[in-house]
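2 protein chains.
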Amino acid sequence: MAFDLDDTLFNATWLSNKARLGGLQKMIKLGLNVNIKDAFNILEKIVEKFGSNYSKHFDELLNYLQVNGQIKIDQYQIPKYIAAGVWGYHSVKEKYLKPFKDVITTLKKLKNEGLITAIFSDGLDIKQWEKILRLQIHSYLDYVFISEKLEYKKPDSKFFEFCLNKIGIDPSECIYIGDRLDKDILPAYKMEMIPILIHRKGKYDPNINKNENYLNIINQIPKSGYYEIYKLTEVIKIIKKLNN
Amino acid sequence: MAFDLDDTLFNATWLSNKARLGGLQKMIKLGLNVNIKDAFNILEKIVEKFGSNYSKHFDELLNYLQVNGQIKIDQYQIPKYIAAGVWGYHSVKEKYLKPFKDVITTLKKLKNEGLITAIFSDGLDIKQWEKILRLQIHSYLDYVFISEKLEYKKPDSKFFEFCLNKIGIDPSECIYIGDRLDKDILPAYKMEMIPILIHRKGKYDPNINKNENYLNIINQIPKSGYYEIYKLTEVIKIIKKLNN
Numbered sequence: 185m186a187f188d189l190d191d192t193l194f195n196a197t198w199l200s201n202k203a204r205l206g207g208l209q210k211m212i213k214l215g216l217n218v219n220i221k222d223a224f225n226i227l228e229k230i231v232e233k234f235g236s237n238y239s240k241h242f243d244e245l246l247n248y249l250q251v252n253g254q255i256k257i258d259q260y261q262i263p264k265y266i267a268a269g270v271w272g273y274h275s276v277k278e279k280y281l282k283p284f285k286d287v288i289t290t291l292k293k294l295k296n297e298g299l300i301t302a303i304f305s306d307g308l309d310i311k312q313w314e315k316i317l318r319l320q321i322h323s324y325l326d327y328v329f330i331s332e333k334l335e336y337k338k339p340d341s342k343f344f345e346f347c348l349n350k351i352g353i354d355p356s357e358c359i360y361i362g363d364r365l366d367k368d369i370l371p372a373y374k375m376e377m378i379p380i381l382i383h384r385k386g387k388y389d390p391n392i393n394k395n396e397n398y399l400n401i402i403n404q405i406p407k408s409g410y411y412e413i414y415k416l417t418e419v420i421k422i423i424k425k426l427n428n
Numbered sequence: 185m186a187f188d189l190d191d192t193l194f195n196a197t198w199l200s201n202k203a204r205l206g207g208l209q210k211m212i213k214l215g216l217n218v219n220i221k222d223a224f225n226i227l228e229k230i231v232e233k234f235g236s237n238y239s240k241h242f243d244e245l246l247n248y249l250q251v252n253g254q255i256k257i258d259q260y261q262i263p264k265y266i267a268a269g270v271w272g273y274h275s276v277k278e279k280y281l282k283p284f285k286d287v288i289t290t291l292k293k294l295k296n297e298g299l300i301t302a303i304f305s306d307g308l309d310i311k312q313w314e315k316i317l318r319l320q321i322h323s324y325l326d327y328v329f330i331s332e333k334l335e336y337k338k339p340d341s342k343f344f345e346f347c348l349n350k351i352g353i354d355p356s357e358c359i360y361i362g363d364r365l366d367k368d369i370l371p372a373y374k375m376e377m378i379p380i381l382i383h384r385k386g387k388y389d390p391n392i393n394k395n396e397n398y399l400n401i402i403n404q405i406p407k408s409g410y411y412e413i414y415k416l417t418e419v420i421k422i423i424k425k426l427n428n
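Taken in order, these protein sequences are the chains called A and B.
So for the first sequence, my numbering puts the first residue at 185; every next one is plus one.
So for the second sequence, my numbering puts the first residue at 185; every next one is plus one.
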């Protein structure tokens with residue numbers, strides 16, 4: 185039984201948005217004269233452009249606001265506002281990083297049933313591992329694979345093959361749960377794993393994300409090609425069904 | 185009245201050591217099979233070699249232990265231990281980062297007296313600013329200057345000149361307090377500022393640091409060329425004396 189991490193085992197979309205707002209609040213409290221909603225929207229576009237693992241989102245935000253004449257700050261005061269943003273961002277992340285309520289219960293049950301558990305995740309390996317440790321789920325996991333240092337990542341089937349080889353199981357023996365049609369469900373289906381789509385209200389939840397190209401992916405998978413759940417506890421039933 | 189930051193306004197040496205031990209403890213708890221004292225000593229040497237602002241001390245530590253055959257860890261498990269180290273390190277830093285007990289009181293008094301207050305610091309500007317914000321001393325400071333983005337840093341007199349020019353005062357009008365003979369007291373003396381050496385038991389406190397070259401710096405400054413204090417509150421008396 186393998187899991188995606190972000191927006192599958194914890195509320196990644198919600199947490200990032202809350203953390204970004206936390207950063208902006210600290211900046212505004214310190215005197216940055218911007219409307220928080222406007223700044224949040226600009227920040228979202230910056231994250232989209234530079235990727236979520238880029239480390240200078242707040243630098244880019246201030247630069248944008250400066251260039252567009254929305255703020256006027258002495259160059260040597262800029263680091264103060266960036267530091268406030270970083271501080272606010274991390275405070276929120278640390279305080280609110282928690283697994284979804286159904287995660288620990290389910291992982292415990294899976295371990296009691298004697299199943300092998302694993303995480304297959306993209307992202308920066310140290311960053312992903314820090315999340316796993318802070319979420320306190322590592323003791324329930326037999327394997328964790330992060331694609332950063334490999335030559336391939338999701339949705340490349342080679343990444344999934346690498347993970348399955350390391351565990352020593354066939355794709356057909358592996359249930360794989362994720363929240364994304366493109367990077368989780370489609371590749372798992374193509375590889376003949378047993379894919380489960382979990383709805384977590386993250387930004388790639390097909391109930392939330394209304395991008396047509398994204399939603400069209402579902403047409404490449406027959407309805408019988410994957411399971412669909414709203415709570416992780418439902419996997420126990422699916423396993424029982426599969427075992428019969 | 186200008187201040188150095190690390191080991192002048194907060195316990196930087198003590199905190200870094202505690203944070204490094206915190207990181208090592210988390211790594212060991214996760215299964216890293218090393219003696220904490222040995223690992224700490226190796227880590228100290230790594231920090232010395234790569235500098236305190238290098239972001240991969242724990243990576244280097246594991247690499248060293250691996251190369252020297254002291255541990256044997258699967259390559260893909262390495263990020264787990266690094267993440268544990270980083271987590272432990274930051275948890276301690278965030279929990280124990282506090283100004284010395286005499287700092288807020290003194291800053292308040294200085295502001296009440298109508299004095300201009302400033303920090304002149306080396307280091308990474310965002311990192312230094314984050315410390316200042318977390319220490320909650322920024323509202324008592326009129327100016328903060330970090331040398332990172334400038335072409336000069338301590339002990340270069342140009343850095344001090346830059347700060348004094350920005351404030352608009354002469355060196356002789358500026359009391360400057362720091363813990364280091366080499367980067368604080370000697371340049372402040374040469375520039376004809378009013379230097380105060382504060383003893384904080386940090387790694388550059390002349391009562392702690394027994395490096396001969398370091399201690400010899402004191403011979404370049406006459407005893408009458410600087411003040412020496414053990415508590416920051418003593419500056420109030422010095423100011424009164426100077427005003428008479």
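Rather than coming from a laboratory, the hints here were simulated on the basis of the structure.
A portion of the hints provided could be inaccurate.
[What the hints assert, rightly or not] No farther apart than 30 Å at their CA atoms in a straight line, the calculated lysine-lysine pairs in the DSSO-like style are these:
no.	chain 1	residue 1	chain 2	residue 2
1	A	K233	A	K394
2	A	K202	B	K337
3	B	K367	A	K213
4	A	K256	B	K337
5	B	K333	A	K233
Now for the hints, and whether the structure bears them out:
1. K233/A to K394/A: holds, 19 Å
2. K202/A to K337/B: Cα-Cα ~37 Å, so violated.
3. K367/B to K213/A: Cα-Cα ~34 Å, so violated.
4. K256/A to K337/B: Measuring from Cα to Cα gives roughly 26 Å; hence the hint holds.
5. K333/B to K233/A: With Cα atoms ~26 Å apart, K333/B and K233/A stay inside 30 Å; holds.
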